[in-house]
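Peer 1: Using the sequences provided together with the hints, build the complete structure.
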Amino acid sequence: MILANRRKHFLIDKSFQLHYVLYIILTLAVITSVGMVGNYYGIWASVIKAFSEESLRESLITSAQINEYEASRHPVTGISQMPSLRMYRETTLLSQRQKEMIRQIMNDAHRKTIALGVLLFFFIGWGSIFLTHKVSGPLFKLTQYMGELKAGNLTARIQFRKFDEVQYLANHFNDLASSLDNSISSIKKIVNELPPSSAVEKVKQELSKFKTSGR
Amino acid sequence: MKLRQISLILLLTLWVQIPVSFSEEIVSLSHEDTVLLKRIQKDSLQYFMTYTDPETGLTQDSSRSGSPASIAATGFALASFAIGSVNGLLTYREAYEKIERTLDTLESRTPNEHGFFYHFIDPKTGRRVWNSEISSIDTALLIAGALLASSYFKGTGLETRVKRLYDRVDWDWMRNGSAQICHGWKPKEGFLPYYWDMYSEHLILQALALGADVHQVPEQVWRSWTRESEDWEGNKIVYSYTGSLFTYQYSHAFIDFRNLDDQGINYFKNSAFASLANKKFCLLNQTEYQTYQNGIWGLSASLGPDGYQAYGAEPGLALHDGTIAPYAAIGSLPFTPNESMEAIRALYEQYGARLYGPYGFRDAFNLDRNWWASEYLGIDQGIVVMMIENQINEGSIWNHFMKLPAVNRWTERAKLKKQPA
Chain S
2 MILANRRKHF LIDKSFQLHY VLYIILTLAV ITSVGMVGNY YGIWASVIKA
52 FSEESLRESL ITSAQINEYE ASRHPVTGIS QMPSLRMYRE TTLLSQRQKE
102 MIRQIMNDAH RKTIALGVLL FFFIGWGSIF LTHKVSGPLF KLTQYMGELK
152 AGNLTARIQF RKFDEVQYLA NHFNDLASSL DNSISSIKKI VNELPPSSAV
202 EKVKQELSKF KTSGR
Chain F
48 MKLRQISLIL LLTLWVQIPV SFSEEIVSLS HEDTVLLKRI QKDSLQYFMT
98 YTDPETGLTQ DSSRSGSPAS IAATGFALAS FAIGSVNGLL TYREAYEKIE
148 RTLDTLESRT PNEHGFFYHF IDPKTGRRVW NSEISSIDTA LLIAGALLAS
198 SYFKGTGLET RVKRLYDRVD WDWMRNGSAQ ICHGWKPKEG FLPYYWDMYS
248 EHLILQALAL GADVHQVPEQ VWRSWTRESE DWEGNKIVYS YTGSLFTYQY
298 SHAFIDFRNL DDQGINYFKN SAFASLANKK FCLLNQTEYQ TYQNGIWGLS
348 ASLGPDGYQA YGAEPGLALH DGTIAPYAAI GSLPFTPNES MEAIRALYEQ
398 YGARLYGPYG FRDAFNLDRN WWASEYLGID QGIVVMMIEN QINEGSIWNH
448 FMKLPAVNRW TERAKLKKQP A
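Read top to bottom, the protein sequences are chains S and F.
Per the numbering used here, the very first residue in the first sequence carries number 2; after that it's consecutive.
Per the numbering used here, the very first residue in the second sequence carries number 48; after that it's consecutive.
Hints are computed from structural coordinates only; laboratory data are not their basis.
Using N, Cα and C, we set each Cβ at its ideal position, and we do this for glycine too.
Some hints could be false.
[Stated by the list, open to error] A few chain F positions that, by computed beta-carbon distances, are all more than 12 Å from chain S:
(1) T152
(2) R156
(3) E180
(4) F200
(5) S247
(6) E275
(7) S349
(8) E389
(9) L402
[As the list claims (entries may be wrong)] From the structure, some residues in chain S lie toward chain F, with a derived Cβ separation under 10 Å:
(10) E71
(11) R74
(12) D165
(13) Q168
(14) A171
(15) N172
(16) H173
Peer 2: Next up, the structure:
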């Protein structure tokens, strides 16, 4: 029963569902972008600044000067042979390596973020179709049953799936259909008991257009 | 005979003729000289106005971008703000608030060890920078600056707060159980293997350590360091290891040594002899280094083409490579006013276009290597502000500092004889 009730296609109402999928994805894209930009400037910006050429240069000069100050207070002979600014200038290679490392880390992080972003959008898109189908499914069913009703089938009843939204609509529809069914069935019964006449025949002809549970 | 040899003979002749002596008479500066000195003082003080953090009151070691704060530079800043408040360079209230801000930081935000501070700290947070050491001399310069500043604001809360800061320093701990005071301490390494064991800029440290109300060092610490001396052209000079001029100046910026006798040594005269020796040393080497020509002298620790070096003259190690620090001649103004003034004028007139900027003279230059410092150093601008003040305002800093109870205690405990003025 459950299997029989299972929908094979989730994209039931293309226009309606894609419309909402687009809304959800756009809202999510805006939120994600704000989050990412905030994250970038909040976390990465400080890392980038710390590893910037200027900052590295300043740190190296500071450390070199502290070293030189100390050396100048305890000189041994001649012009100081202690690690000086010259030596620290040679560590430019180190600073380049540090920058390469941070660039590599950032590129990796960005690549992963983009991959995760694409995956996220895919899941969100799929999830949105699944979610909207819980609304569009009942609406589709309701439209079908309305057609049945219009065709005169008063025995038709709606049965939504367990987790479909707007379950209450089904009850109201079924109550309405039952009420009509009972009324038309009763009228059919009364008309059948009347003595034949041309007027009665005409009524019977009209009533025969309705498919009811009673005759 | 080669030109080089002729110059050498001429120089030797000159050597004999240059008198290594100084006049003890009060030298009155010309109006133009005073105007120039006032301008240099005003501009140098601007360094502290610009490079002292408005939140923490900590002063950058140099004008270089990213420079850490130095506690010695901060000490000079405190002194400079106080001086500026009486010279009209900043208002009384401005100076008071600036000093107060620095004290706030030193009291609560800057880490200390037994009351001693790290030499280099972050100007924004007050935290230790790199592997900077807890420094005895730099803490002394900071406390001296604070004490001097508080003496300009007598009867205010600053006095009590500075006294508390001074009392917090455990000077005796810095001896590490030895007879002399140690240069410093590091958290992992412990005490540095260097002690203040001969004449240098540490006299101010000695004065504060001996004159302290609490945690004072024993009297014998004063006698424990050696007074190495050398007869240099007929003058006996108690010299520092490097022969850097600043070693003869820093303590003298605060302390008036003119009438103090230490076992027959007058350190004021000693600094005057050392300044003259520094001038003559430059003169003797002017054929080798173009920078030393045209009346330019002043070998002292400064930035140079190969980084910061303890440049100096004889007597002493006398490292030199043609780099002159303008602050050196200015810092000797009270000792050698005529000679210093000549050098200041020469520096200003000949090289002012490249050497003089918005904060006074830049740190150093070297014509031979065509190297010009782009930076100003806080401690070097500080000695300029203070020594000019002592020179043009008749020792006004000395008058304030010498009245401090700590100074009296030091002179008594060190058994310094007060000579008649």
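Peer 1: Each hint: holds or not?
Peer 2: Okay, the hints, checked on the actual structure:
{"no.": "1", "hint": "T152", "verdict": "20 Å, holds"}
{"no.": "2", "hint": "R156", "verdict": "20 Å, holds"}
{"no.": "3", "hint": "E180", "verdict": "7 Å, violated"}
{"no.": "4", "hint": "F200", "verdict": "31 Å, holds"}
{"no.": "5", "hint": "S247", "verdict": "9 Å, violated"}
{"no.": "6", "hint": "E275", "verdict": "15 Å, holds"}
{"no.": "7", "hint": "S349", "verdict": "9 Å, violated"}
{"no.": "8", "hint": "E389", "verdict": "27 Å, holds"}
{"no.": "9", "hint": "L402", "verdict": "21 Å, holds"}
{"no.": "10", "hint": "E71", "verdict": "7 Å, holds"}
{"no.": "11", "hint": "R74", "verdict": "7 Å, holds"}
{"no.": "12", "hint": "D165", "verdict": "61 Å, violated"}
{"no.": "13", "hint": "Q168", "verdict": "62 Å, violated"}
{"no.": "14", "hint": "A171", "verdict": "67 Å, violated"}
{"no.": "15", "hint": "N172", "verdict": "68 Å, violated"}
{"no.": "16", "hint": "H173", "verdict": "69 Å, violated"}
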